[in-house]
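Number of protein chains: 2
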Amino acid sequence: MTVSDYKAPVRDMKFVLNEVFNVEQLLASMPGTAEVNAELINSVLEEAGKVAEGLLAPLNRQGDEIGCQFDGGKVTTPGGFKDAYRTFAEGGWIGLAGDPQYGGQGMPKTLAVCFEEMIMAANSSLALYAVLSAGASLAISRHASDDLKQAYLPKLYDGSWSATMCLTEPHAGTDLGMIKTRAVPQSDGSYKVSGTKIFITGGEHDLSENIIHLVLAKLPDAPAGPRGISLFLVPKFLPDGDGNVGDSNGVSCGSIEHKMGLKGSATCVMNFDDATGYLVGEINKGLACMFTMMNYERLTIGLQGLGLGDASYQTAAAYARERIQGRSPAGPAQPDKAADSLLVHPDVRRMLLNMRANTEAGRALAAYVGNQLDIVYFHPDEERQARAAKLVALLTPITKAAFTDRGFEACVLGQQVLGGHGYVREWGQEQHVRDARIAQIYEGTNGIQALDLMGRKVVFDREGMLEEMLDEMRQFIDQEKDGRVAAFVAALDNALDCLVRTTDLIRQANTENPHEVGAASVPYLDLMTLILYCYMWARMVKVAEDALAAGTEDSDFYRAKIQVGCYFLDRIMPRYKSLAEEISAGSDVVMALDEALF
Amino acid sequence: MTVSDYKAPVRDMKFVLNEVFNVEQLLASMPGTAEVNAELINSVLEEAGKVAEGLLAPLNRQGDEIGCQFDGGKVTTPGGFKDAYRTFAEGGWIGLAGDPQYGGQGMPKTLAVCFEEMIMAANSSLALYAVLSAGASLAISRHASDDLKQAYLPKLYDGSWSATMCLTEPHAGTDLGMIKTRAVPQSDGSYKVSGTKIFITGGEHDLSENIIHLVLAKLPDAPAGPRGISLFLVPKFLPDGDGNVGDSNGVSCGSIEHKMGLKGSATCVMNFDDATGYLVGEINKGLACMFTMMNYERLTIGLQGLGLGDASYQTAAAYARERIQGRSPAGPAQPDKAADSLLVHPDVRRMLLNMRANTEAGRALAAYVGNQLDIVYFHPDEERQARAAKLVALLTPITKAAFTDRGFEACVLGQQVLGGHGYVREWGQEQHVRDARIAQIYEGTNGIQALDLMGRKVVFDREGMLEEMLDEMRQFIDQEKDGRVAAFVAALDNALDCLVRTTDLIRQANTENPHEVGAASVPYLDLMTLILYCYMWARMVKVAEDALAAGTEDSDFYRAKIQVGCYFLDRIMPRYKSLAEEISAGSDVVMALDEALF
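As they're listed, the protein sequences go chains A and B.
Each residue of the first sequence is one higher than the last, beginning at 1 in full-length UniProt numbering.
Each residue of the second sequence is one higher than the last, beginning at 1 in full-length UniProt numbering.
Same shape as in the complex, but just chain A (with noise of 0.2 Å):
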């Protein structure tokens, strides 16, 4: 066994997208996508798992080893990243979810979520490039002018050109408001660009002809704060009359970060000397453009950290089957052995568990906002769009967080697992989580996520976006509540109400003290995360009972569906009731110490 010996969850994803929520009957009833049925989508998953595996994967420990290399501006992607993202690029891969007016593949989001999990798990330096590049097309898609589109989309569906998307400054993270960078607008219509940018990934590589920045900068009269933000898209070669590279713009890369993991992966300073820009959208409105992206964005670094959650759990779990090492505790389980296979260890199928009872819930989950997403994309009922508007504005940030903190966790047990063996190299153990705890860091820092969900979501929200998800997880409680899931329904019941209580403290008490959205963020998402992926339990343990009721050839699938899904049950959720206790003892305790003491 080798690191490299990722095995992309096909059959998995064919549950959740085929058995769970029947993603061909949705698709089939939209116009945009009537003609993705349940063939194509298992031909696309055994497809997107084979370059996955095949392509992706070999190239994740040298990525790692080799790193980016940075010399006078220029930046060198590990061995073998330039050929395989060219392969990848020609597969069609980069546009699979894009436009098809201007080259995309215009497939639902529902697959490229199962996609974009299988290639952050083989190779996250090397996905991240084509993730980019498929983010800020959207982003162009959506806002830019029909000029930028068919100048810009068609090469980077077909990844000869690639994206970034540029917010960071040095003294600017979350508050992006801080911004120094300014656009001066020209007679022709464009702008000049002229800034600093930081933590830019994927900022100089060698990969594609070209680089498409969006950048977030001021007009000279902007008005202060995040109301003044506009976006431009700034190319490192400005396209010639044939729309090919032409001259270069003001645009260099003044070196790369030393980092902890994602080491095949640029993270650049970003230096914009009166570049040509484009504006994309509204001036000042550039913020909401960006946030295009950054959702997208969002759900994918979540993919990151499910999948590399996933690719760790694999290793581990092939080591725990083979190595021997000590007895079980009822006796040896294997007696012409020297000692018995991990796995007769309760312990170490504690950490197995864990790690697989939350990937899978995090996989149903992502499915299901991919579900929403194109709902929001291609459904012709205007209210069934608004509602699916709603979950996604939601459920992304849970997903972000929720999934990269699930992940990272994850990736510390399968290392745990291996004990000594996942601290060396070797393995590649020690890589996942390296490469994982990025993701939960940026795009937008988890906390950041927490106080989304928390405040625009749920506090300050009057759209009625949680009521919508409660409304839909209480239709599925009564439906089954005497079913197969009766365990389940319960304690989905129980949490339910406790989460509902929980959310009106929080709301009256904000009400007089604003810290308490703040205090109470990061355990609520954890607390609604555990209820989420209660319901995924729920919905797929219902799926596998009702196989086995029915008979079926593949028993062996189902019941382990049932199996890890009880054991989320009866080991993992309970942690939800601390949670909403910790939440209650509300922000004082938080604020009480004077700052010049920390």
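Read the hints as simulated data drawn from the structure, not as lab findings.
Wrong hints could be hidden among the right ones.
Derived EDC-like pairs (lysine to aspartate or glutamate); straight-line CA-CA distance at most 16 Å [what the hints assert, rightly or not]: (1) Lys180(A) / Asp274(A); (2) Lys82(A) / Asp99(A); (3) Lys337(A) / Asp175(B); (4) Lys577(A) / Asp570(B); (5) Lys577(A) / Glu169(B); (6) Lys337(B) / Asp221(A); (7) Lys577(B) / Asp570(A); (8) Lys577(B) / Glu581(A); (9) Lys149(B) / Asp99(B); (10) Lys481(B) / Asp546(B); (11) Lys192(B) / Asp221(B); (12) Lys577(B) / Glu472(B); (13) Lys74(A) / Glu209(A); (14) Lys74(A) / Asp206(A); (15) Lys285(A) / Asp221(A); (16) Lys14(B) / Glu39(B); (17) Lys14(B) / Glu24(B); (18) Lys180(B) / Glu169(B).
Every value quoted in this text rests on a predicted model; they were computed, and no experiment measured them.
Following the hints, position chain B against chain A.
Just chain B now, kept in the frame of chain A:
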């Protein structure tokens, strides 16, 4: 601020030693430590702090960046390590708690515990070489012959020689019964030792003129399993007639590991090829002798987690004070600046308070265990010795696992506070995460510590170890239930009831199902940790409340202590209930999944 800005927590340690535990009084009552008064304690803490801050901390980052180099069997430590180690040794720090008969300083363990936390926080890689020598010296002084003591202890205490512990082999980590290293008796009473050991910290390096290996091996006719293991002292160079470095022995370093962190510490593959060794302790009783060292190192490794968590806290708190980003939810706190400090954000405080609440409780518990170790070693009253020995046995696995789990968690939080700046090398926070991670794995994984606690120390214990601890806490509850810390006492009282119920449940269940202990062990250790930390906080807050009531010039210190303690009580302690519920779910759900389906 730079990464070498570590400040040894001398004030906090004085508080714990002098005010919470009144260590002076205990030490005065024991012949071996009678001269260690508060003045000496304070002076040792202050000098130790200077060593950690001025000598070790400045080398921490370059130790990571340069790492150990291996070439032709030789290991070169990072620049500066050799000189620093010499200065450190000349200060007498390696023999701080060593036997005065052979050149040790004879200081109590309580002080050594504080010292080890500091040096681990400042530079774990460099500190490890020293603490291994100290631990090996302890095993030698307890179990070796007088000749061996005379020949080796003085040179280990003065640092001219160093030591290792050689347990793990490629196929035998946790399961030491499977080791293959052989020791063949020679006519002169020595042994010829042959075999391969892996993951040997400090197995080869350039810091000392000789390296003394304590090696587990089996005699040709030894019984199978752990009862056939003996312990040997195997020097790299055999002493000559004058006791100085003589002929080289059959010991060589085959390679060093490429690890996630702790890169300044050489982790070696050691080959023993008919190497001359000397028996330590009795034949086939080697594991018990080695456990003298391992128990010592377990507490020390716990202190690595504790110290690194504190180091990470210090950087995170300083960053949070200085970095301005966003506005207080209550409105601008520093309206004259472009933004407020990170400390206005409740969630940033949550992270910092979590780190600090766990670190300070752990520091108190470390001193408590140090106290018990001193009673075991120095106290003339056998009954008190026996009681202390039971507490040490119970608490050793808890300190190792809890301090390193909470320490790693603290390092991850301390990285999170810095956002993207925590993921790059510059601030040192990512190194803390990588360095702390190993502490959960080596010296017996934390899963093994939990099994030791729940199995040998609780369920199968016939000496009443747990009951000894419970009695002490119940006495405290009785004394303080109407006093200034009534809220802590009430929580502690409820949690003790929960612990007793949970313990009875597992003791009972395990009689019928041998998987119950293993399935419960890790959450049980976490549950116990919360209770012990609550007890420590109750004691610290009581002292702080009394100091404030009596009037003090240092009221900021005591108020902060109370506020951090209240944070622990309200926002961390509630977790115990969920842990008890998780445990009570039992082992069936852990054991259900078929091995082939992992």
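Status of each hint after checking the structure:
| no. | hint | verdict |
| --- | --- | --- |
| 1 | Lys180(A) / Asp274(A) | holds (14 Å) |
| 2 | Lys82(A) / Asp99(A) | violated (25 Å) |
| 3 | Lys337(A) / Asp175(B) | holds (13 Å) |
| 4 | Lys577(A) / Asp570(B) | holds (14 Å) |
| 5 | Lys577(A) / Glu169(B) | violated (44 Å) |
| 6 | Lys337(B) / Asp221(A) | violated (21 Å) |
| 7 | Lys577(B) / Asp570(A) | holds (14 Å) |
| 8 | Lys577(B) / Glu581(A) | holds (10 Å) |
| 9 | Lys149(B) / Asp99(B) | holds (10 Å) |
| 10 | Lys481(B) / Asp546(B) | holds (15 Å) |
| 11 | Lys192(B) / Asp221(B) | holds (14 Å) |
| 12 | Lys577(B) / Glu472(B) | violated (22 Å) |
| 13 | Lys74(A) / Glu209(A) | holds (13 Å) |
| 14 | Lys74(A) / Asp206(A) | holds (8 Å) |
| 15 | Lys285(A) / Asp221(A) | holds (14 Å) |
| 16 | Lys14(B) / Glu39(B) | holds (11 Å) |
| 17 | Lys14(B) / Glu24(B) | holds (11 Å) |
| 18 | Lys180(B) / Glu169(B) | holds (8 Å) |
Hints 2, 5, 6, 12, counting from the list given before, are not met by this structure.
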